[in-house]
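Participant: Build the full structure now, drawing on both the sequences and the hints.
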Amino acid sequence: MIPSTLLRKQRLIFGSLLGLILLTIIIGFGIGYSTVSYNRIIPTLLGHGTFKEEFVLFSIRLPRIIITILAGMALALSGSILQGITRNDLADPGIIGINSGAGVAVAVFFLYAPIEPGSLVYMIPLLAFVGALLTVLLIYLFAYDRKAGLQPVRLVLVGIGFSFALSGLMIVLISSAEQTKVDFIAKWLAGNIWGTDWPFIWALLPWLIILIPFTLYKANRLNLLGLSEPVSIGVGVSVEKERIVLLMAAVALAASAVSVTGGIAFIGLMAPHMAKALVGPRNQLFIPIAILLGGWLLLFADTIGRNLIQPDGIPAGIMVAIIGAPYFMYLLLRKM
Amino acid sequence: MVRLYTENLKIGYGERLIVKNLNAEIPDKKITTIIGPNGCGKSTLLKAMTRIISQQAGTVVLDGRDISKEHTKLLAKKMAILPQSPESASGLTVAELVSYGRFPHQQGFGRLSKKDMDVIDWALDVTGTFDYKFLPVDSLSGGQRQRVWIAMALAQETEIIFLDEPTTYLDMAHQLEVLELLQKLNLEQGRTIIMVLHDLNQAARFADYIIAMKDGQVIKAGDCEAVMTHDVLKKVFHIDAQIGRDPRTNKPMCITYNLLRGDKRNEKAATPIYPAVSVNY
Numbered sequence: 355m356i357p358s359t360l361l362r363k364q365r366l367i368f369g370s371l372l373g374l375i376l377l378t379i380i381i382g383f384g385i386g387y388s389t390v391s392y393n394r395i396i397p398t399l400l401g402h403g404t405f406k407e408e409f410v411l412f413s414i415r416l417p418r419i420i421i422t423i424l425a426g427m428a429l430a431l432s433g434s435i436l437q438g439i440t441r442n443d444l445a446d447p448g449i450i451g452i453n454s455g456a457g458v459a460v461a462v463f464f465l466y467a468p469i470e471p472g473s474l475v476y477m478i479p480l481l482a483f484v485g486a487l488l489t490v491l492l493i494y495l496f497a498y499d500r501k502a503g504l505q506p507v508r509l510v511l512v513g514i515g516f517s518f519a520l521s522g523l524m525i526v527l528i529s530s531a532e533q534t535k536v537d538f539i540a541k542w543l544a545g546n547i548w549g550t551d552w553p554f555i556w557a558l559l560p561w562l563i564i565l566i567p568f569t570l571y572k573a574n575r576l577n578l579l580g581l582s583e584p585v586s587i588g589v590g591v592s593v594e595k596e597r598i599v600l601l602m603a604a605v606a607l608a609a610s611a612v613s614v615t616g617g618i619a620f621i622g623l624m625a626p627h628m629a630k631a632l633v634g635p636r637n638q639l640f641i642p643i644a645i646l647l648g649g650w651l652l653l654f655a656d657t658i659g660r661n662l663i664q665p666d667g668i669p670a671g672i673m674v675a676i677i678g679a680p681y682f683m684y685l686l687l688r689k690m
Numbered sequence: 002m003v004r005l006y007t008e009n010l011k012i013g014y015g016e017r018l019i020v021k022n023l024n025a026e027i028p029d030k031k032i033t034t035i036i037g038p039n040g041c042g043k044s045t046l047l048k049a050m051t052r053i054i055s056q057q058a059g060t061v062v063l064d065g066r067d068i069s070k071e072h073t074k075l076l077a078k079k080m081a082i083l084p085q086s087p088e089s090a091s092g093l094t095v096a097e098l099v100s101y102g103r104f105p106h107q108q109g110f111g112r113l114s115k116k117d118m119d120v121i122d123w124a125l126d127v128t129g130t131f132d133y134k135f136l137p138v139d140s141l142s143g144g145q146r147q148r149v150w151i152a153m154a155l156a157q158e159t160e161i162i163f164l165d166e167p168t169t170y171l172d173m174a175h176q177l178e179v180l181e182l183l184q185k186l187n188l189e190q191g192r193t194i195i196m197v198l199h200d201l202n203q204a205a206r207f208a209d210y211i212i213a214m215k216d217g218q219v220i221k222a223g224d225c226e227a228v229m230t231h232d233v234l235k236k237v238f239h240i241d242a243q244i245g246r247d248p249r250t251n252k253p254m255c256i257t258y259n260l261l262r263g264d265k266r267n268e269k270a271a272t273p274i275y276p277a278v279s280v281n282y
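Chains as they are written, first to last, in the numbering used here: chain A, 355 to 690; chain B, 2 to 282.
It cannot be assumed that every hint is accurate.
Partial selection, computed: residues in chain A whose CB lies under 8 Å from chain B [to be verified]: (1) I356; (2) S358; (3) T359; (4) P560; (5) Y571; (6) L581; (7) P584; (8) V585; (9) V589; (10) G590; (11) P635.
In silico BS3-like pairs for lysine-lysine, Cα to Cα no more than 30 Å straight-line [what the hints assert, rightly or not]: (12) A:K595 x B:K215; (13) B:K134 x A:K363; (14) A:K595 x B:K236.
Think of the hints as simulated: they come from the structure by calculation, not from any bench.
Every value quoted in this text rests on a predicted model; they were computed, and no experiment measured them.
Virtual Cβ for every residue (Gly too), placed ideally from N, Cα, C.
Facilitator: Take a look at the structure:
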């Protein structure tokens, strides 16, 4: 029933984005604190590189590139789902308190953990994940109405409230802490993609492998939820159940991404929005585009960010905000 | 025969009870119209009968089973709903919107089968919207759009169709077009149609069975001869109606009406307001 010209356009855009991601990966391979010349990349990938080349590529660049793409994809998918179930194009994982919930958990752990935090680095994503889940659970409890069920508008409003409250709490926590610890937390909040190691990839990948097909399977229901509640009920969508299940999926995706990258906003807002502008509002068409766009945007932001200032670079979260804020303004202006 | 009825239905928003202990039966394979003044609970009743809102007490029974305990997708194969002024379907083509009506019959990722396609074409054809098949829904006029939404409900292939004020916002010709389409579906295919209408004469002309409601209760239910009487309209709408006959259909119709004098509710407005002047002698 979808016009075939639109299907062809969607495939074309999908292909171009794959190409764009590949191109950005190759460029990203070569540039950085220690350079690897471009004619050495293919031999190194095939196993003929020197120790230094292999170390830079496989232990530094590649994990970071993969993490960045996966996290961008997860945030974009999460944003797509949230925009669908709240029927609000400005919904973003940050809005329902995921970033700030994860942030508070990391801050509390970092400031008050009795053990030297360095040895427990792998605990941080887990903690961030738990913090995000707890926050969403609280928001859900406050937004839930026993008679009317889960109302999307209430969810967004309560989420924004919690988000602000938690950010405030974090400032209180940080203001009384030592400088070195504050530095790490501040970088985490800025989204500096600190989890650049293979285990973090294995922590993120399963969520995407499960939840991308799951969301596409639910695409028709998302289309219906986008129409109106009575219409969805009328054709037999269990609105309440679908909203909860999809919300859980969105939370899991965003929490797992944020837990390794730090606080990154805007990707979950921008990617679905740009995808909808490109191929229209049908979930089965725009979601794959949004996923690729999200992956590419974060990769692009990080590739530029980590090379702008040596040796630490600018955190990807800030780069994304630099790109995202004007886009957000453009959206608002166009809507008026 | 009755497949669908309500038993002591109580519906309310918060503390306020909108529908109070309502018992109504919907005759099978007939057109039923619910009428009543604003706020009498007619739309609320329709929403409860279609599980859009849940009741505080009582049951809605379809085929001997309480609908609140039935699987929602199973119900969607038995009853379709056209909500009051559904929101626009931005960016969708007519055929796509109508295809959403096939949802209860689909499984998995929702690929449309040959049968789905045939039903969609039939629904477009019977509602006279086949020509717009590939046009965006947003580009249609109000009357065309209403028929497209009806086509979506038809694509659900249900024996029962509910419509909440299907003629609102339509001009006279389009109102009649929609009502005649519903009558055709009822006569030719034996579909049970339940709708809320504002226009009494349209209700009398098209309905086999009229439920007249006031303050959340049924005042009178029956065919148009039983409901379109001076007494019933006085009780339901607080009007003094003159009932005549439609010269073309011979159905009863309300030719003209006045507000009731001496009635509590209308008196307030009718009483002239005297200026509060106090004179001291």
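Participant: Look at each hint and say if it fits the structure.
Facilitator: Here is how each hint holds up against the structure:
| no. | hint | in the structure |
| --- | --- | --- |
| 1 | I356 | holds, 7 Å |
| 2 | S358 | violated, 11 Å |
| 3 | T359 | violated, 11 Å |
| 4 | P560 | violated, 22 Å |
| 5 | Y571 | holds, 6 Å |
| 6 | L581 | holds, 6 Å |
| 7 | P584 | holds, 4 Å |
| 8 | V585 | holds, 6 Å |
| 9 | V589 | holds, 4 Å |
| 10 | G590 | holds, 3 Å |
| 11 | P635 | holds, 4 Å |
| 12 | A:K595 x B:K215 | violated, 35 Å |
| 13 | B:K134 x A:K363 | holds, 21 Å |
| 14 | A:K595 x B:K236 | violated, 43 Å |
Taken one by one, the earlier hints fail for this structure at numbers 2, 3, 4, 12, 14, listed in ascending order.
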